[in-house]
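Residue numbers for the sequence shown, in our numbering: 11 to 262.
Please note that the accuracy of each hint is not assured.
Pairwise CB distance ranges, derived in the manner of DEER restraints [claimed, not checked]: (1) Lys211 - Val128: 15 to 23 Å; (2) Pro29 - Val196: 33 to 41 Å; (3) Ala49 - Val196: 18 to 26 Å; (4) Met257 - Glu206: 40 to 48 Å; (5) Arg142 - Met257: 27 to 35 Å; (6) Ala250 - Ala49: 38 to 46 Å.
Since the hints were made in silico from the structure, they are not lab data. Note that this is a predicted model, so its numbers are computed, not measured. Glycine included, every Cβ here is placed at the ideal spot set by N, Cα and C.
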Amino acid sequence: MNRSTSTPQMMTPPSAGAPGQRLLDLSGGLLLLLGLGGASLALLAPFNSAHLLQAVVLYLLLALLLHVRLPPTAPGPGIGWANRVTLVRAVPVLLIAGLIGHGPWPDSLIWWVVVLAVAALLLDGVDGLVARRTGTSTAFGARFDMELDAALILLLAFLVWRTGQAPAWVLLVGLLRYGFVAAGWVLPALRQPLPESFRRKTVCVIQVIALPLCLAPIVPVQLATSMALLALALLVWSFAVDSRWLMRQGGH
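Using the sequences and the hints given, assemble the complete structure.
Quick look at the structure:
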């Protein structure tokens, strides 16, 4: 997850995708959500229509936001190949979001969340690879990918807390990134672009791996709490390194 607010370089000349093709792409994402959600309804008893309805409503809000905010100069066709991959990755994340507010969650449902989170993790990075291979990297696509990562981590942290696998402080794993952005409103130095960092990417991957492990019903609470604490400590350290670098740059 990239905490930089910088604007990545455009790697392709502007090429407006037809609005009709964009709507077709967004409709395809909805069909995928309905298909996977319908299969969940049929095969997983604890997953119910309220979960699916909430996921669909959230998808429609996301689709509206994408349709409105996607730049007309974004590389087509439609929303672009890389953004299509990110949209596919959003489907399992939204199905997880559909569970929020509809607890308690039996073990079978938690295992389904773990599977969905792993699916989202496996797809993470594919969109960036596609963007680089097709020369269609955009600021919008990078932001879409980053916000999806942040949402997934926050959702998983919330479920780890609500299932009793870790105390409420585990929410900080999901909230620190939003706190960092909010701090930038007060301290302009934190809004400067950050250079690429293997350390930052590694810490992000650790969060997305550790949280599903913490959530797994077979993991003892003590072990889950220890893993969550380690993940949080690494995240705090990573944010501290970036914050210190940005504040020093801002002082020049």
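Q: Starting from the hint list further up, note which numbers the structure goes against and sort them upward.
A: 3, 4
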